[in-house]
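S.K.: Okay, here's what each chain looks like letter by letter:
There are 2 protein chains.
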Amino acid sequence: MIKVVLFGSGNVVYHLAKAFRLANNIDLVQLYRRDPNNDHLFDLKIKKTSSLKEIKKADVYILGINDDHIAEFSTKLQFSEGLVVHTSGSISMNQLKCPAHKGVFYPLQTFSKNQKMEYKTIPFCLETEFSKDMNLLKTLAESISKNVYEINSQQREKLHIAAVFANNYSNHMFKISKDICDEHQISFDLLKPLILSTANKLDFMDPAEAQTGPAKRNDQKIILKHLEQLHSDQKEIYSIISKSIIKTYQKD
Amino acid sequence: MIKVVLFGSGNVVYHLAKAFRLANNIDLVQLYRRDPNNDHLFDLKIKKTSSLKEIKKADVYILGINDDHIAEFSTKLQFSEGLVVHTSGSISMNQLKCPAHKGVFYPLQTFSKNQKMEYKTIPFCLETEFSKDMNLLKTLAESISKNVYEINSQQREKLHIAAVFANNYSNHMFKISKDICDEHQISFDLLKPLILSTANKLDFMDPAEAQTGPAKRNDQKIILKHLEQLHSDQKEIYSIISKSIIKTYQKD
Chain A
1 MIKVVLFGSG NVVYHLAKAF RLANNIDLVQ LYRRDPNNDH LFDLKIKKTS SLKEIKKADV
61 YILGINDDHI AEFSTKLQFS EGLVVHTSGS ISMNQLKCPA HKGVFYPLQT FSKNQKMEYK
121 TIPFCLETEF SKDMNLLKTL AESISKNVYE INSQQREKLH IAAVFANNYS NHMFKISKDI
181 CDEHQISFDL LKPLILSTAN KLDFMDPAEA QTGPAKRNDQ KIILKHLEQL HSDQKEIYSI
241 ISKSIIKTYQ KD
Chain B
1 MIKVVLFGSG NVVYHLAKAF RLANNIDLVQ LYRRDPNNDH LFDLKIKKTS SLKEIKKADV
61 YILGINDDHI AEFSTKLQFS EGLVVHTSGS ISMNQLKCPA HKGVFYPLQT FSKNQKMEYK
121 TIPFCLETEF SKDMNLLKTL AESISKNVYE INSQQREKLH IAAVFANNYS NHMFKISKDI
181 CDEHQISFDL LKPLILSTAN KLDFMDPAEA QTGPAKRNDQ KIILKHLEQL HSDQKEIYSI
241 ISKSIIKTYQ KD
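So the sequence lines, in the order shown, correspond to chains A and B.
Under this note's numbering, the residues of the first sequence are numbered 1 to 252, in order.
Under this note's numbering, the residues of the second sequence are numbered 1 to 252, in order.
One chain only, chain A, in its complex shape:
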């Protein structure tokens, strides 16, 4: 059994707790959150504390706290045994300032409170200060997911930027698309099959190969017609992305 203590009260910690409870080789011994009244997330039966003095012994201590607080919070963990890891995509391992061994346990997924997650498919990106700790962290990750990768801090930083494009920015395209539909009394449902098939295509096709549309064809007539119909912000985004697409596929 791998003993784990979780720190935090956000969605990452909530879902990690749920995933760990499903695994049969993990003993989730405790949950630390600063505010003892912040229990609305925790319908799970886990021992909780809001006192750092009461932290129990564990093999792995997982900080699921805000990026900005990781460095400072880690200085408060003054024990030297066990492995302390954070779960952030954009913070380097060295920002952990505690005497214990350090590592990173980064689930590459967005977690929404009420979304049912398929934990098995979530990619976990692991890093450890000492190579001998990697096995432990791998066993932990593999007990909840089948997609486990060793990724160093520099790669993780790039991966985080790639994830911003793949997730946040594609989602903003969906938002703009829905705004256009709403404004013209068109159901956004019409676009959902297209969106799903665009995502599913990546399983067997590179995004470059899958690209279609007026910008890919450098169809200036349609592009200008579209630009005329957009609001200023939408127009700027349409214009920049169409230019980038035209440039991308002219190069090839």
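Honestly, I wouldn't trust all of these hints.
Copies of the same chain are indistinguishable here, so a pair counts whether it falls within one copy or spans any two.
The calculated lysine-lysine pairs, modelled on DSBU-like cross-linking and capped at a C-alpha distance of 35 Å, are [unchecked claim]:
| # | residue 1 | residue 2 |
| --- | --- | --- |
| 1 | K247 | K235 |
| 2 | K235 | K158 |
| 3 | K132 | K235 |
| 4 | K113 | K247 |
| 5 | K201 | K45 |
| 6 | K57 | K45 |
If you are wondering where the hints come from, they were derived from the structure by calculation, not from laboratory data.
All figures in this text were calculated on a predicted structure; none of them were measured in a lab.
Following the hints, put chain B in place on chain A, whose structure we already have.
M.R.: Just chain B, lined up with the frame of chain A:
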């Protein structure tokens, strides 16, 4: 039985032909394509012609040809019986210049030659010049899909712009994301579960509600750190979209 003649040799016509062959109330009587040697797409057994004089009688004539050629090509269809429809998202119905009744039969999906399509989920956007022709077109569309909508030319034009954002531009975000991965020896596979879950979320959550990430949080520290690491084109896109996201969620 609804008698159909298809015109064109692209992916839309290819997949419509396949879908119609699966329906039991459609008689696909003929396929017209200009170039008789352009038969590599047509593994299906359909009667073909490349002579406009040989066009057979049908209930519906479907032009799956290039946007730029629709108006001109339609002048060549000098029969006056039956319903002539085009399949374009960005051309108005009135660009059809033939004596027969006119309409639009627009499948809101991108068609790749080798992709297996789930025809049943493809949204079909229909328009007819005369309301009495709508029933026929609906019956035709409903024989291959369960998502059939009446959409007028003005709405269809907006819908096409919405589809550019939802499909082409989100796919370009995937392309940039993959470029970043490739450059740093990171497998793009790591991002696929995130992309799929972003698309799947739209089934039960608005894109605005689903948005996460540094721009949503207006986390300038991370945004600047990301910008420093991007190439000039990527940087411009990152910057414009992050600004748009910040503006969107500050307004709320």
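S.K.: Which earlier hints turn out false for this structure, listed by number in ascending order?
M.R.: Violated hint (a single one): 3; every other hint is consistent with the structure.
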